[in-house]
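**Student:** So the chains spell out like this:
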Amino acid sequence: MINRILHSTEGRLAAITLGVFVAMAILVPDRFLSPANLTSMAFQFPEFAILALAVSVAMLTGGIDLSVVGVANLSSVIAALFMSHFAGDGQGAGLLIAAALLSLSIGLTAGLFNGLLVAKFGLPPILATLGSGLVFAGLAIAMTGGSAVMGLPPAVAWVGNGTLLGIPVPLVILAILAAGVGWALKYTAFGQKTRMFGANPLAARYAAMGTERVLLKVYGLCGMLSAVAGLIVMSRANSAKADYGSSYVLLAVLIAVLGGVNPYGGYGRIIGVVLAVLSMQFLSSGLNLLQVTNFAREMIWGILLIAVMLINLVSFRSKP
Amino acid sequence: MPTDTQPAPLVTLEAVTKRYAAITALDNVDLTIRAGEAIGLAGENGSGKSTLIKVLVGVEHESGGRIMFDGEPQSRLTPTAATAAGVQVIFQDFSLFPNLTVAENITMTAERATGTVLVRNARARARATEVLNRVGVKLDLDARVERLPVAHKQLVAICRALAADARLIIMDEPTTALTEREVARLLDLIRTLKADGVAVLFVSHKLGEVLEVCETVVVLRNGAKVAEGPATDFDSASLTRAMTGRNVASEPPAPLDPTAPTLLKVEGLVRDGAFEDVSLSLRAGEVLGVAGILGSGRTALAKALFGLARPDRGRVSLDGQDIPLGDPIAAAAAGIGYVPEDRLTEGLFLEQSIAHNIAIGRFDAHAKNGVINLGNLWGEAADWLKRLSVKTPDATAAVRSLSGGNQQRVVLARWMARQPRVLILNGPTVGVDVGSKAEIHGIMADLAASGLGVIVISDDLPELLATCHSILVMKGGRITEVVPGGAGVTEADLSHKLAS
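Residue numbers (our numbering), protein chains in the order written: chain W, 1 to 320; chain V, 1 to 500.
Keep in mind that the hints were calculated from the coordinates and are not lab data. The structure displayed is predicted, hence computed values, not measured ones. Any given hint could be a false lead.
Simulated DEER-style distance windows between Cβ atoms [said to hold, decoys possible]:
1. 273/V / 180/W: 45 to 51 Å
2. 202/W / 401/V: 19 to 25 Å
3. 112/W / 389/V: 44 to 50 Å
4. 394/V / 27/W: 42 to 48 Å
5. 183/W / 394/V: 22 to 28 Å
6. 312/V / 202/W: 21 to 27 Å
7. 112/W / 64/V: 20 to 26 Å
8. 373/V / 42/W: 57 to 63 Å
9. 183/W / 364/V: 14 to 20 Å
All residues carry an ideal CB built from backbone N, CA and C; glycine is no exception.
So that you can see chain W by itself, here it is in the shape it has in the complex (with noise of 0.2 Å):
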């Protein structure tokens, strides 16, 4: 029993992430198993579990897109330059709802910008999103002139501070579009043929599977969660920059890879990412607390990912 969940990439995870979380249990118990802990990691990751989210969606083809930070900045730069705009003396909850759905159609636009750079032209995705992730990010600049936008309706603190039930809004969204991902790619024909696109492009096309509006429709969805990701930190920040987040871009992918996803396409479960993001925020938490430098903390974040995908190859090629 335990071999076999040992045996599968996610069980494998599951069994790092609660090492992680023992270990940090016990050499710092005091601290990190305190609410208030647990608490500030509650709000801490979702916002960057929502970009894994977004990467990994790509990855799954077989692509990637490094743009997620530059969607997440400009959609967000829009919705409160739109905010401070008709802010008001309320609450601004109407506001915020139409700032989000603004913000949203942004994500939307950016990412089929990408679909269409990726399906239609045929660029490769790393080099594609990479570039629009730098117009994104110089669009957002030229709009703000690179200093960060405020005077933000009260209402907009909401998404990234308040609580529902007693459980930080931030990880709602993130439970709930996970969990909605997750479905959607097992169980709709989009899901199941980003899958397939991902395991053979060609045998797609050979298929005549519709690859372009797959691709888009891929990208398109990577944009969305990315804009969600940028509401959040902006609600966090109660502002909106175009340069937040930028280590962002590398840890979505590393979390990506160390949840399973296979670079390659083609294989990728969503479970895998919400361990991966777990273990990761364990990890920095608990480095934290342990008062390791932020320098040592990247290492180890290298060293973490390296650590697993050599893991995952060694199984893979054990497989009989």
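Take the given structure of chain W and dock chain V to it, following the hints.
**Tutor:** Frame of chain W; chain V shown alone:
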């Protein structure tokens, strides 16, 4: 051990076995090759010929048995060691550097092997000239290889092997892209090599050539050596029987109903550089063959009909309705299906389940508002597996686990599930065992009988003759002739028409 009277053979294989997981690709094969000897290696696709070559040059390692060069056992043979022993392979694609000159290509391997760091042009040219003289061939040393005709590229590849001091040259299907005259010249060259003490392993399924140039013939079937003997002991029929394990009684296809309506009509289709002015019509219930040597435009035509390549001019219509060119989705929607040539890279999603491989074109059909009814999807897949008698315990297994014949049935099922009007099969039985081959031919006949139009592109001339009502001969991108299938023409006639 070498004896006083006779030197040890160049290459000896003793009970060599190669297993890939559950599949035995080579089964206890013994083989001896002596200097100056030409051996014909015959066998159907998937019989183990390629595996034998790979083991001989150290790309794959035998799972059992012994390989000896000059009587010396080789443990864990590497490509470097094989090259050092003088074993050279000329693959079908020749593996040349298209952007380099003839001289550079010829001397590349040999120069690298000397361990020299600098490229020395003068020495390379002298060496290349020497080799060309040795085989009595004139080629422009400074011509870029990409500009040479196929037959000359092959000469360059042979010269490269000789420049690297080849003692055994393995030629993998060397004549597939050659015209008859070029084949004759190649066979002459092989005789020259033999006289020079170089051994040749001639891998081919073209009987005439094998019998003409080789002293000994070795036949593989399902990985095992099933026959070996002097070439003079074989004739066409006995070689075929050894290769296939049975007498291939070609049953002519059921006669075509003269009143059957025309399904597919192609008029003046042109794709510059690939094929010219192709017109054909396909009736319901008709099986139409397309034959041609490599590079004749047959695969380009098949891809163009299915929209994978965009023709420059011309019309394709189905039931009188024009089909938009260059769009596989439109072609599939109109009712055209395409079973590709290379099953492993173009046809299958190897790591995905059998059911998904069948359902790939049916996700939308199984979905309501985008949500798939997985029960229906699995049910339909199981249904097809039963109808095409695919031997597998369950549809959830990766399609990789199936044999070639069963994999091909999965690809067929994928298209049959979409109920096409016209099915284009490119190499329908490549890499398929003999039993499955007959069954796939049966499926093709059933499809035609149910009113489909079937187009078959194949290298396997007996297959075309046995399954097609008529066969289009393609040469240099044009349809040059239409010959009747069935017993109307012999294989030798057809082969002559293709290559003359």
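**Student:** Now tell me if each hint is right for this structure.
**Tutor:** Now for the hints, and whether the structure bears them out:
1. Between residue 273/V and residue 180/W the Cβ separation comes to about 49 Å, which falls inside the hinted range of 45 to 51 Å.
2. Between residue 202/W and residue 401/V the CB atoms are about 21 Å apart, so this pair conforms to the stated range of 19 to 25 Å.
3. For the hinted restraint 44 to 50 Å between residue 112/W and residue 389/V, the CB-CB distance of approximately 45 Å keeps it satisfied.
4. The hinted window of 42 to 48 Å between residue 394/V and residue 27/W holds, with their beta carbons roughly 47 Å apart.
5. About 24 Å separates the C-beta atoms of residue 183/W and residue 394/V, a value consistent with the hinted range of 22 to 28 Å.
6. The hint said 21 to 27 Å for the Cβ distance between residue 312/V and residue 202/W, and at roughly 23 Å that hint holds.
7. Distance hint check for residue 112/W and residue 64/V: the Cβ-Cβ separation is about 56 Å, which falls outside the suggested range of 20 to 26 Å.
8. Between residue 373/V and residue 42/W the beta carbon distance is about 37 Å. The supplied range of 57 to 63 Å is therefore violated.
9. The hint said 14 to 20 Å for the Cβ distance between residue 183/W and residue 364/V, and at roughly 18 Å that hint holds.
Going through the hint list in order, the structure does not satisfy hints 7 and 8.
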